[in-house]
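Trainee: Chains as they are written, first to last, in UniProt numbering: chain A, 1 to 314; chain B, 1 to 289; chain C, 1 to 493.
Take these hints with a grain of salt, some might be off.
[Stated by the list, open to error] Partial list, computed: chain A residues near chain B (C-beta under 8 Å):
id : residue
1  : 18
2  : 138
3  : 140
4  : 146
5  : 149
Derived from the structure by calculation, the hints contain no laboratory data.
A virtual CB, placed ideally from N, CA and C, is assigned to each residue, including glycine.
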Amino acid sequence: MIVYVTKRLVIGLVTLLLASVVVFGVLEILPGDPARIMLGMNAGPDALEALRQEMGLNQPAPVRFFQWLAGLVTGDLGRSYTYSSPVIDLVQERLVVSLPLALISLFLSTAIAIPVGVFAASRSGKLSDTLTMGTAQIGIALPNFWLALLLVYVFAVGLRVLPAGGFPGWADPVEAIKSLILPSISLALPQAAILARVTRSAMVETLGEDFIRTARAKGLPRRKVLWRHALRNAMIPVLTILGLQFSFLLAGTIIIENVFYLPGLGRLIFQAINQRDLIVVEGVVMLLVASLILINLAVDICYAIVDPRLRIGR
Amino acid sequence: MTIEQTAVDLSQRHVLRRAFSNASFVVGLAITLTIAIVALVSLFWAPYDVTKLSVASRVQGLSWAHPFGTDHLGRDILSMIMLGARNSIAVALVAVGIGMGLGVPLGLWAAARGGWIDEVLMRTNDVIFAFPSLLSAVMITAIFGPGAINAIIAIGIFNIPVFARVARGGALAIWPREFVLAAKACGKGGFLISAEHILPNIANLLLVQATIQFALGILAEAGLSYLGLGAQPPMPSWGRMLFDAQTRIAVAPHLALFPGMAIVLTVLGLNLLGDGLRDAIDPKQRRTL
Amino acid sequence: MKSLVTVFSAAAVTLASASFAFSARTDLVIGVVLEPPHLDPTASAAGAIDEILYANVFEGLTRIGPNGEVLPGLAESWEVTEDGKVYTFKLRQGVKYHDGSDFDAEDVKFSLDRARAADSVNAQKALFAAIDTVEAVDPQTVKVTLKQPQGSFLYNMGWGDAVIVAPESAEGNKEKPIGTGPFRFERWAKGASVTLAKNPDYWGDAVALDKAEFRFIPDAAAALPAILSGDVQAFPSFPAGDALAPIKADPRFSVVIGATEGETILAMNNAKAPFDNIKVRQAISHALDREEIILGATDGLGVPIGSHFSPANEAYEDLTGTYPHDVDKAKALLAEAGFADGFSATIKLPPPPYARISGEIITSQLAEIGIKLEIVPMEWAQWLEQVFTNKDFDLTIIAHTEPNDIDIYGREGYYFGYNNPEFKAVMAELDQSSDPAVRNELYRKAQRIIADDAVNGFLFQLPKIGVWDAKLTGLWENSPLQANDLTKVRWTD
Numbered sequence: 001m002i003v004y005v006t007k008r009l010v011i012g013l014v015t016l017l018l019a020s021v022v023v024f025g026v027l028e029i030l031p032g033d034p035a036r037i038m039l040g041m042n043a044g045p046d047a048l049e050a051l052r053q054e055m056g057l058n059q060p061a062p063v064r065f066f067q068w069l070a071g072l073v074t075g076d077l078g079r080s081y082t083y084s085s086p087v088i089d090l091v092q093e094r095l096v097v098s099l100p101l102a103l104i105s106l107f108l109s110t111a112i113a114i115p116v117g118v119f120a121a122s123r124s125g126k127l128s129d130t131l132t133m134g135t136a137q138i139g140i141a142l143p144n145f146w147l148a149l150l151l152v153y154v155f156a157v158g159l160r161v162l163p164a165g166g167f168p169g170w171a172d173p174v175e176a177i178k179s180l181i182l183p184s185i186s187l188a189l190p191q192a193a194i195l196a197r198v199t200r201s202a203m204v205e206t207l208g209e210d211f212i213r214t215a216r217a218k219g220l221p222r223r224k225v226l227w228r229h230a231l232r233n234a235m236i237p238v239l240t241i242l243g244l245q246f247s248f249l250l251a252g253t254i255i256i257e258n259v260f261y262l263p264g265l266g267r268l269i270f271q272a273i274n275q276r277d278l279i280v281v282e283g284v285v286m287l288l289v290a291s292l293i294l295i296n297l298a299v300d301i302c303y304a305i306v307d308p309r310l311r312i313g314r
Numbered sequence: 001m002t003i004e005q006t007a008v009d010l011s012q013r014h015v016l017r018r019a020f021s022n023a024s025f026v027v028g029l030a031i032t033l034t035i036a037i038v039a040l041v042s043l044f045w046a047p048y049d050v051t052k053l054s055v056a057s058r059v060q061g062l063s064w065a066h067p068f069g070t071d072h073l074g075r076d077i078l079s080m081i082m083l084g085a086r087n088s089i090a091v092a093l094v095a096v097g098i099g100m101g102l103g104v105p106l107g108l109w110a111a112a113r114g115g116w117i118d119e120v121l122m123r124t125n126d127v128i129f130a131f132p133s134l135l136s137a138v139m140i141t142a143i144f145g146p147g148a149i150n151a152i153i154a155i156g157i158f159n160i161p162v163f164a165r166v167a168r169g170g171a172l173a174i175w176p177r178e179f180v181l182a183a184k185a186c187g188k189g190g191f192l193i194s195a196e197h198i199l200p201n202i203a204n205l206l207l208v209q210a211t212i213q214f215a216l217g218i219l220a221e222a223g224l225s226y227l228g229l230g231a232q233p234p235m236p237s238w239g240r241m242l243f244d245a246q247t248r249i250a251v252a253p254h255l256a257l258f259p260g261m262a263i264v265l266t267v268l269g270l271n272l273l274g275d276g277l278r279d280a281i282d283p284k285q286r287r288t289l
Numbered sequence: 001m002k003s004l005v006t007v008f009s010a011a012a013v014t015l016a017s018a019s020f021a022f023s024a025r026t027d028l029v030i031g032v033v034l035e036p037p038h039l040d041p042t043a044s045a046a047g048a049i050d051e052i053l054y055a056n057v058f059e060g061l062t063r064i065g066p067n068g069e070v071l072p073g074l075a076e077s078w079e080v081t082e083d084g085k086v087y088t089f090k091l092r093q094g095v096k097y098h099d100g101s102d103f104d105a106e107d108v109k110f111s112l113d114r115a116r117a118a119d120s121v122n123a124q125k126a127l128f129a130a131i132d133t134v135e136a137v138d139p140q141t142v143k144v145t146l147k148q149p150q151g152s153f154l155y156n157m158g159w160g161d162a163v164i165v166a167p168e169s170a171e172g173n174k175e176k177p178i179g180t181g182p183f184r185f186e187r188w189a190k191g192a193s194v195t196l197a198k199n200p201d202y203w204g205d206a207v208a209l210d211k212a213e214f215r216f217i218p219d220a221a222a223a224l225p226a227i228l229s230g231d232v233q234a235f236p237s238f239p240a241g242d243a244l245a246p247i248k249a250d251p252r253f254s255v256v257i258g259a260t261e262g263e264t265i266l267a268m269n270n271a272k273a274p275f276d277n278i279k280v281r282q283a284i285s286h287a288l289d290r291e292e293i294i295l296g297a298t299d300g301l302g303v304p305i306g307s308h309f310s311p312a313n314e315a316y317e318d319l320t321g322t323y324p325h326d327v328d329k330a331k332a333l334l335a336e337a338g339f340a341d342g343f344s345a346t347i348k349l350p351p352p353p354y355a356r357i358s359g360e361i362i363t364s365q366l367a368e369i370g371i372k373l374e375i376v377p378m379e380w381a382q383w384l385e386q387v388f389t390n391k392d393f394d395l396t397i398i399a400h401t402e403p404n405d406i407d408i409y410g411r412e413g414y415y416f417g418y419n420n421p422e423f424k425a426v427m428a429e430l431d432q433s434s435d436p437a438v439r440n441e442l443y444r445k446a447q448r449i450i451a452d453d454a455v456n457g458f459l460f461q462l463p464k465i466g467v468w469d470a471k472l473t474g475l476w477e478n479s480p481l482q483a484n485d486l487t488k489v490r491w492t493d
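So that you can see chain A by itself, here it is in the shape it has in the complex (with noise of 0.2 Å):
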């Protein structure tokens, strides 16, 4: 089990640092002078050297990448240019934001989608059944921020009872809770249509099995056997699922904090690359490339927790 872990650690380093060559190289190419961005239109030639010396810019590449890398393991992701404050700091007050999106819409999710997709497995083959799971196809091909256009024009335009965007701060947590709730429903709809269908389909199988028979058969109450004995055994790939779905809500509310304009680590990372924000973009990629990789490997664990062959084989 050591040994396994172990590997899959080591496995998960050298991703990272694959990783941050390829993150590095690809914003070396990306066109656009960061000096020029700072200062505007009208600023002349030595206003901009002289910036570019107090940036660095002026260094080799590789000499930037080593330093940066260094950098990065001592938890100094560096100073943005255009904030002309640490890196860190940024992503911690994006974070405070995103993190609790990501929360909130997985919370919503999960107590949607399992409830729905347990309740379709139970009538599987019924019109309940099928009436579930073609809604929940149509949840799936929502895009979300359509989704999120037709919450703002009802419940913000309309009814007025839901701001249509910004965040007020945590100073008070009604007014900031209530500036997440559209944006996560728009992530969360989606999202728990998908998991319902997993759950639905790992839910079927289970209670196809022996042990869900027996119990059964023990004279145990069918909404005990369905909520105690086949979810858990159902939970697995559920939860394998709800892994992707963290890091994808994390990472890939790019669209939905621009339309609610949630000042989060999606926004910070959009505006950053429009900004050439480089050393910015740098860090917040390499700390979500290494919170992905940190979930498969947790989810890796735990596969091998529950099958003890995975820690030999692959």
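Given chain A, work out where chains B and C should sit, using these hints.
Mentor: Using the frame of chain A, we list chains B and C on its own:
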């Protein structure tokens, strides 16, 4: 060898018969064909020329002249949806093509050779997988500039590891089978075996995956165009139409309604098609996935 | 019955809370499009900094009023010598910075010397180029000596780049700006907003607002729901001019159309074939239908222009008839130039909606005379590098928002590559003249030269679309400079 081939053919005929008795396959096929026909028709004819603007008649409601109304520059929305279908399908299709064309050979190669080649290929796959795909697509289009071609590349790159994984997984299951071992005993090389024996046997699997990736490609293209990174005007695209509609939804909701419905319908059709196909190919697989 | 009671009591609560709302509000959320890179107006050309801090947090010796007039700022009065070379400013007394330190003549000397120093990162060093020496005569008096007389000196001192900062806090202004204005900086939530709070120790008239939050809303699409939902109560420069209909229809809002200094042009690369051919440029000018562009891009609010000059200026001459919309004539001119079948070119568009939408319309209009344009949208970063710096473009659309900037047509190496000795001579003459009548005549001549040469496609004057809650007063109608002066803003009722 001839016997095996007929066996494959037979099973494929079975698949078709089973497929056509599957409701979701039939509905999915009908939707997909309709959209495909609309896109094809738009190559030759559309009610109006969408490159000709007529700002004076902008943001009109539904009428006989314009069944879906007109947009903010006076273009006919029905015509734009038709041309947008062409754009969406083209982008997603080519992206799937890239993914299959590069991913499948890589996966087959990894399965055939095993050892360090397999390890390296699958690690590289992991690196690509480790990048959040939409984010990377945004970066790619930012580097090379927005446009349909770069959107195709951005979406296509992330299809490669998907197909490589599916092909490798499928191939690994086939390699220990008797007929492969027999071919091996006859002295056939990994390349020939992969092409003649493995590929036909995983074709169904790949087809199902292609349908899924196609649907995802349509969604990804819509997202990129919505951010302004996909096809550029005057070529209409559904995502961009939604972006343009956003500021006007309060006065003219139909601007956002029709392109959104077009996306939902297309993705829905493809997903139903894929589901039906999967059920038809292997009724047992339905339970594991 | 019970539910009925609940309804009544709920109604009573609503009424009670409504009556509280009658005491006037003192907070305001203002929408702005761009987030500033940092908060020091003396170290960046970014207008986004001035939009938040000018006149609110930082003040200069003079200030620019709502219609572009020069008003006293930290200098309550000034004297100018006969030869126009020596300015003696008398400073206000009892002015304190937000950190409690006192403002005096040494701060003025420090600020001006810092801005014009060799290693200065001030983006508008030209404003200070005429200054020879700055002398703090006594704590309340500053003497500025110029190298040569400069008519615009007092105006220049009113720019955001010329605000007065303190030596103790100047370095920290990027993150925590310390000025003398009626508002002090409170918080910058990166990516979201900057919050200002009332400065209780302000030297001048107290402001009505206790708190002002500038919220960044870069998407034109998000601006509309933000204002409709009341999240943002004022959008002094509303970015979606093409989507005003729902706001105009709503009595809760005022829509105030003012003038900006932004001449919006279809810039052509005069240094590159085929745009170096005047016939091609004239053909393009004839092919443009300004009315349609203005209707599509600004909802009909832009004022058509026929040269590079603001219609609000007294030296303005209406040259919109120089090349009227005439497709046949355009085709004929194109044929004369040797392009009877047209040609293909690219049009590179920066992000603002006015540019993107005008670009789509112009692409359609030029297609009618056989010019096929490929639209290349760009972020500002790329646009600045490729178009503005490297001059790698055929056509582009941009609003030149600097006031009175016709002189760019005489600049060496400017991005649209226009080079006409006659125009340069007019500019040189302008530099020498101080008589307003002569200057205006020269300005008119300059306008005619570039209009006749069809240097660029002259489209429209960018409107300033102010959208705010109907109960707000005191926001500026026009935009003589990029600023949101909140000193007179208050809620009525």
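Trainee: With reference to the structure, classify each hint as holding or not holding.
Mentor: We went through each hint and held it up to the structure:
no. : hint : result
1   : 18   : holds, 5 Å
2   : 138  : holds, 6 Å
3   : 140  : holds, 6 Å
4   : 146  : holds, 4 Å
5   : 149  : holds, 6 Å
When each numbered hint is compared with the structure, no violation occurs for any of them.
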